Structures are given as C-alpha cells and as structure tokens.
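Participant: With the sequences and hints as input, model every part of the structure.
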Amino acid sequence: MKSAVLVFPGINRERDMARALKLASGHDAAMVWHAETALPAGTDLVVVPGGFSYGDYLRCGAIAARAPVMDAVRAHAAKGGLVLGVCNGFQILCESGLLPGVLMRNAKLKFICKDVHLRVERSDSPFTRGYNAGQVIRVPVAHGEGNYEADHDTVERLEGDGRVLYRYCSPDGELGDGFNTNGATNSIAGIVSDKGNVLGMMPHPENHVEEIMGCTDGRGLFAGLVAHLDKAA
Amino acid sequence: MKARVTVTLKSGILDPQGKAIEGALKSLGVDGVASVRQGKVFDIEIAGTDKAKAEAALKEAADKLLANTVIENYRVEVVG
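Chains as they are written, first to last, in our numbering: chain A, 1 to 233; chain B, 1 to 80.
Rather than coming from a laboratory, the hints here were simulated on the basis of the structure. Every value quoted in this text rests on a predicted model; they were computed, and no experiment measured them. Ideal Cβ positions, reconstructed from N, Cα and C, are used throughout, including at glycine. Incorrect hints may appear among the rest.
[Claimed, not checked] Below, a list of computed lysine-lysine pairs in the BS3-like style, where the Cα atoms sit at most 25 Å apart:
no.	chain 1	residue 1	chain 2	residue 2
1	A	Lys231	A	Lys2
2	A	Lys108	B	Lys10
3	A	Lys2	A	Lys195
4	B	Lys64	B	Lys53
5	B	Lys59	B	Lys2
6	B	Lys19	A	Lys110
7	A	Lys22	A	Lys231
8	A	Lys110	B	Lys64
9	A	Lys79	A	Lys110
10	B	Lys64	A	Lys79
11	B	Lys59	A	Lys108
12	A	Lys110	B	Lys26
13	A	Lys108	B	Lys19
14	B	Lys26	B	Lys2
15	B	Lys10	A	Lys110
16	B	Lys53	B	Lys40
17	A	Lys2	A	Lys79
18	A	Lys195	A	Lys79
19	B	Lys64	A	Lys108
[As the list claims (entries may be wrong)] Reference listing, derived: stretches of chain A covered by chain B, where coverage requires no fewer than 3 residues with Cβ under 8 Å from a Cβ of chain B:
no.	stretch
20	33-44
21	141-151
[Said to hold, decoys possible] From the derived model, a few chain B residues whose C-beta atoms are all more than 10 Å from chain A:
no.	residue
22	Lys2
23	Thr6
24	Val76
25	Glu77
Facilitator: Right, dumping it as structure tokens:
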C-alpha cells in the first residue's frame, strides 16, 4: 500500500498517522506538503490527518480545503482512489466537497478528549473489512467540532445507502444520547462518499495501533485497507 | 471601496454558541432578549470603483470561502 499523508500548517497528527500506516503496510508513507499540485505516482491511499490546520481560522478545515494539493486529491478520488480523513481531515473533506455535510461545534460546547466506543456498521467496505459488522472498537477522540450535521435529505441518503460506517455507541454497541459523545446526527462518527472510496471520521484509529498505546482496536482499519489493496492488485 | 460580507447560520441550524450567549445575556438580566444567533462579519477593502464588479467579487469570495452554504447564508454590501 502506497500512502500519501497530506501536511498543512497546523496539522499535528501526521506522524502518528505515518507510523500507523508503516506498521500496517511495511512501507513509509510519503509526506505531501499542501502547496504541491500532484501526488506521488502510484499513490493508493491519501490520508488527511488530524490537527488544527490554519489554527481552525474561519471554519475548521475551510482554508486547508482550498489548498493546491486538494485538486490532486479530488482527481485521485474521482478515479476511485482511496482517501481517509481523520478528525481535522474529516472537516477538510467536508469543506472540500468530497464528503457531504458539516462538523459543527460539539453539542455541549466542550473540547472532548477521551476514548469512545464505535460500532462498525458493515464490514464490506475497504475501510472496515478488517472488522466484523456490529463489532465494537475503542478509539480516542480529540475534537471541539465533531458534531456531524447535514440536511434531512442528505442524512436519509447516507442511511439508505449504508454510507455510515462508524457510530458512537456503548461498550456493548448500543446507541443512545449518553454515548453520542458530540451530539452528532444519528450518532454518526464516520461516513463514506457515494462511491465508497472516501472515508471521513472524527475518532483517531491511528492512536490505538500498538500495545504501548493500551489498545490496538484501530489496527483493523489499516489492516483492512492493506488487504483490500492486496486483493485489488 | 469599503464592503461588508455578513455570514449567518441558516434558520433551523442548531447554534450552541448563540444559545450560550443567549443564556449569559439572560443571566445578566438584559431585558427583552428572546434569542441570539451568532454570525461573522468580514470588512473588505475593494480596489477600483465599479460597484457591480465589486459585488460580483464579494459574492464569489463568499461562495468559494467565506460561507459554508450548507449551513450558512450571506449578505454582501458595498458601503462606498
């Protein structure tokens, strides 16, 4: 798996992400500066990491979404290439039009930094094939604006087409307001594009991939991507 | 020319910041506050004197960057 991790000013999770990608694939990820106009040849997966691009000025992800490199990412996605956006990366993908909807302030206005449980809704996507449908995983969140909102028709379409891949839930996989960390519509933690090749999610699977992190539940996402690409090759 | 772009949340979009401000104003005892919605104002200096051109440029700025039209409306004014 050849991965490219985008780097914007103010991003701070790019090295965690590169480490998780290396662990899963055995290959170093290319770090791609926002001013580049092309991705490295042969890139399978583009990752938009977390952090605070441009200090969250204007709206989270708004300025990064208009960076030169994003045209190359749009072209990559249009050809069916895989794109993963985590946290600020999810916000950037929504702002760039690659994913619908918007990440609003958390319902209780607080920045939330803790482990949450996620229910994997289906296992037949490149982004979830390392898990079983209905499986519950534990991964950290760290965000102030992760409350996913979209207009009624968009939410209906996402649900109807099975494009919600991850939801906030209890340790047993139950849904409910008490487990919906940031107040997101339908407890949505991660969604894919209409073609299923672009995933945005608020939680950080890259921060639960090694024993020293206290949990390795995030590994499945990366292992699934590697397996998907090996099968396609 | 001086211009102003005002960006506001569409009605029906939850505005937790506005709600918090509303609560604070009520607890301060400010009379008659029914509700608060928070928005943004951009004061922009436009080169040239063509008002129609300026309005077009401001609209482009709002559509491309200043507003997220999924959740926000905007208003453009050339003040002169």
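Participant: Mind verifying the non-interface call on Glu77/B? Its CB should be farther than 10 Å from each CB in chain A.
Facilitator: It holds; Glu77/B is separated from chain A by about 20 Å at its closest Cβ, greater than 10 Å.
Participant: Lys10/B and Lys110/A: Cα distance at most 25 Å?
Facilitator: holds, 23 Å
Participant: Are the Cα atoms of Lys64/B and Lys79/A separated by 25 Å or less?
Facilitator: holds, 24 Å
Participant: Would you check the hint for Lys2/A and Lys79/A, treating anything up to 25 Å between C-alpha atoms as holding?
Facilitator: holds, 16 Å
Participant: Does Lys231/A sit within 25 Å of Lys22/A, going by the straight-line distance between their CA atoms?
Facilitator: Given pair Lys22/A, Lys231/A holds - Cα atoms ~19 Å apart, limit 25 Å.
Participant: For Lys110/A and Lys64/B, compute the direct alpha-carbon distance and say whether it is at most 25 Å.
Facilitator: violated, 29 Å
Participant: Can the restraint linking Lys59/B and Lys2/B be considered satisfied, given a maximum Cα separation of 25 Å?
Facilitator: Between Lys59/B and Lys2/B the Cα gap is close to 14 Å, so the pair holds against 25 Å.
Participant: For the pair we were handed, Lys59/B and Lys108/A, check the Cα-Cα distance against 25 Å.
Facilitator: Answer violated: Lys59/B to Lys108/A is near 33 Å, above 25 Å.
Participant: Test coverage of the stretch 141-151 of chain A by chain B using CB-CB distances below 8 Å; three residues minimum.
Facilitator: holds (count 3)
Participant: Within a Cα-Cα threshold of 25 Å, do Lys64/B and Lys108/A meet the stated pairing?
Facilitator: Given pair Lys64/B, Lys108/A is violated - Cα atoms ~30 Å apart, limit 25 Å.
Participant: Between the alpha carbons of Lys195/A and Lys79/A, is the straight-line distance 25 Å or under?
Facilitator: holds, 10 Å
Participant: Beyond 10 Å from chain A, beta-carbon-wise, is Lys2/B?
Facilitator: Answer for Lys2/B: holds, closest chain A Cβ roughly 21 Å.
Of the hints listed earlier, those the structure fails to meet are numbers 8, 9, 11, 14, 19, 20, in rising order.
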